[in-house]
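*Asks:* Okay, here's what each chain looks like letter by letter:
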Amino acid sequence: GENVEQHPSTLSVQEGDSAVIKCTYSDSASNYFPWYKQELGKGPQLIIDIRSNVGEKKDQRIAVTLNKTAKHFSLHITETQPEDSAVYFCAASNPLNYGGSQGNLIFGKGTKLSVKP
Amino acid sequence: NAGVTQTPKFRILKIGQSMTLQCTQDMNHNYMYWYRQDPGMGLKLIYYSVGAGITDKGEVPNGYNVSRSTTEDFPLRLELAAPSQTSVYFCASSYLEQELFFGEGSRLTVL
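Residue numbers (the numbering used here), protein chains in the order written: chain A, 3 to 119; chain B, 4 to 114.
Because the hints were derived from the structure by calculation, they are not lab data. Errors might be hidden in some of the hints.
Stated by the list, open to error - Within a straight-line C-alpha distance of at most 25 Å, the following computed SDA-like cross-link-like pairs (lysine to any residue) qualify: (1) B:K47 / A:Q8; (2) A:K111 / A:T67; (3) A:K111 / B:A85; (4) A:K73 / B:L81; (5) A:K114 / A:A31; (6) A:K70 / B:G6; (7) A:K73 / A:G43; (8) B:K12 / A:K24; (9) A:K44 / B:V91; (10) A:K60 / B:Y98; (11) A:K44 / B:D29; (12) A:K44 / B:G19; (13) A:K111 / B:D29; (14) A:K39 / B:E107; (15) A:K24 / B:N65; (16) A:K114 / B:T89; (17) A:K114 / B:F13; (18) A:K111 / B:I57; (19) B:K47 / A:Q40; (20) A:K111 / B:S70; (21) A:K111 / B:G56; (22) A:K39 / B:M30; (23) A:K70 / A:A21; (24) B:K47 / A:N33; (25) A:K39 / B:K47; (26) A:K39 / B:G66; (27) A:K111 / B:E75; (28) A:K44 / B:G56; (29) A:K39 / B:A85; (30) B:K47 / A:V15; (31) B:K47 / A:G18; (32) A:K111 / B:M30; (33) A:K73 / B:P64; (34) B:K47 / A:Q16; (35) A:K114 / B:Q25; (36) A:K24 / B:K47.
What the hints assert, rightly or not - Here's a subset of chain A near chain B, in silico, CB distances under 8 Å, partners left out: (37) G18; (38) A21; (39) G110; (40) K111.
On a predicted model such as this, the values are computed, not experimentally measured, just so you know. Glycine included, every Cβ here is placed at the ideal spot set by N, Cα and C.
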């Protein structure tokens, strides 16, 4: 089945710097790659996603890139701010579908991002 | 709209006890999910449902049961609680196979 590896597990940056989080996946049939942000005591919230027919997607200070050949995708946050501090999870759709639903995601283990003012 | 609501937020169980985690959503989503989150381990899918009356196992279903009698509700039942079920449980919903909307989580401790 699908396996998602996420690095680094912790990341500390200075306010205004950029942050990059990388994920690799194992199954070339995966076609949907979302990123979720989880603040302390809250549930994860979608911040950006990309599908396998696109190589890059941007939304203001956040961008995601996908390399299907290498089976890896990355989250880029520019001009980081203290409110970006959170745990970020990457995920990949599970081609096994557990009976038919493509909505099943395999999550990475998370990256704790700390932005120092 | 309230979104996805989970109750209780915190619960302590003794080994062997049973309980139900409640989840309800008001977005008329047909897909609903239960995940568990262990420290440093990401989220693992327990069960999911693609509509009322339909449920299926995810990655880690052992020790749990679910039902989906209505579109809005998707309760998770723990039978014979074990220390290995100490975790934070998240319910989520989505419209078809798009963005997951998560609840705020239920922290369960089994002693």
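*Asks:* Now tell me, hint by hint, if it's right for this structure.
*Replies:* Structure-based check of all given hints:
| no. | hint | in the structure |
| --- | --- | --- |
| 1 | B:K47 / A:Q8 | holds, 15 Å |
| 2 | A:K111 / A:T67 | holds, 19 Å |
| 3 | A:K111 / B:A85 | holds, 23 Å |
| 4 | A:K73 / B:L81 | violated, 37 Å |
| 5 | A:K114 / A:A31 | violated, 28 Å |
| 6 | A:K70 / B:G6 | violated, 34 Å |
| 7 | A:K73 / A:G43 | violated, 32 Å |
| 8 | B:K12 / A:K24 | violated, 32 Å |
| 9 | A:K44 / B:V91 | holds, 11 Å |
| 10 | A:K60 / B:Y98 | holds, 23 Å |
| 11 | A:K44 / B:D29 | holds, 19 Å |
| 12 | A:K44 / B:G19 | violated, 29 Å |
| 13 | A:K111 / B:D29 | violated, 29 Å |
| 14 | A:K39 / B:E107 | holds, 13 Å |
| 15 | A:K24 / B:N65 | violated, 31 Å |
| 16 | A:K114 / B:T89 | holds, 22 Å |
| 17 | A:K114 / B:F13 | holds, 23 Å |
| 18 | A:K111 / B:I57 | violated, 29 Å |
| 19 | B:K47 / A:Q40 | holds, 15 Å |
| 20 | A:K111 / B:S70 | violated, 28 Å |
| 21 | A:K111 / B:G56 | violated, 32 Å |
| 22 | A:K39 / B:M30 | holds, 21 Å |
| 23 | A:K70 / A:A21 | holds, 22 Å |
| 24 | B:K47 / A:N33 | holds, 19 Å |
| 25 | A:K39 / B:K47 | holds, 16 Å |
| 26 | A:K39 / B:G66 | violated, 29 Å |
| 27 | A:K111 / B:E75 | violated, 29 Å |
| 28 | A:K44 / B:G56 | violated, 29 Å |
| 29 | A:K39 / B:A85 | violated, 30 Å |
| 30 | B:K47 / A:V15 | violated, 29 Å |
| 31 | B:K47 / A:G18 | violated, 33 Å |
| 32 | A:K111 / B:M30 | violated, 28 Å |
| 33 | A:K73 / B:P64 | violated, 28 Å |
| 34 | B:K47 / A:Q16 | violated, 32 Å |
| 35 | A:K114 / B:Q25 | violated, 29 Å |
| 36 | A:K24 / B:K47 | holds, 20 Å |
| 37 | G18 | violated, 28 Å |
| 38 | A21 | violated, 19 Å |
| 39 | G110 | holds, 6 Å |
| 40 | K111 | holds, 4 Å |
In this structure, the hints that do not hold are numbers 4, 5, 6, 7, 8, 12, 13, 15, 18, 20, 21, 26, 27, 28, 29, 30, 31, 32, 33, 34, 35, 37 and 38, in rising order.
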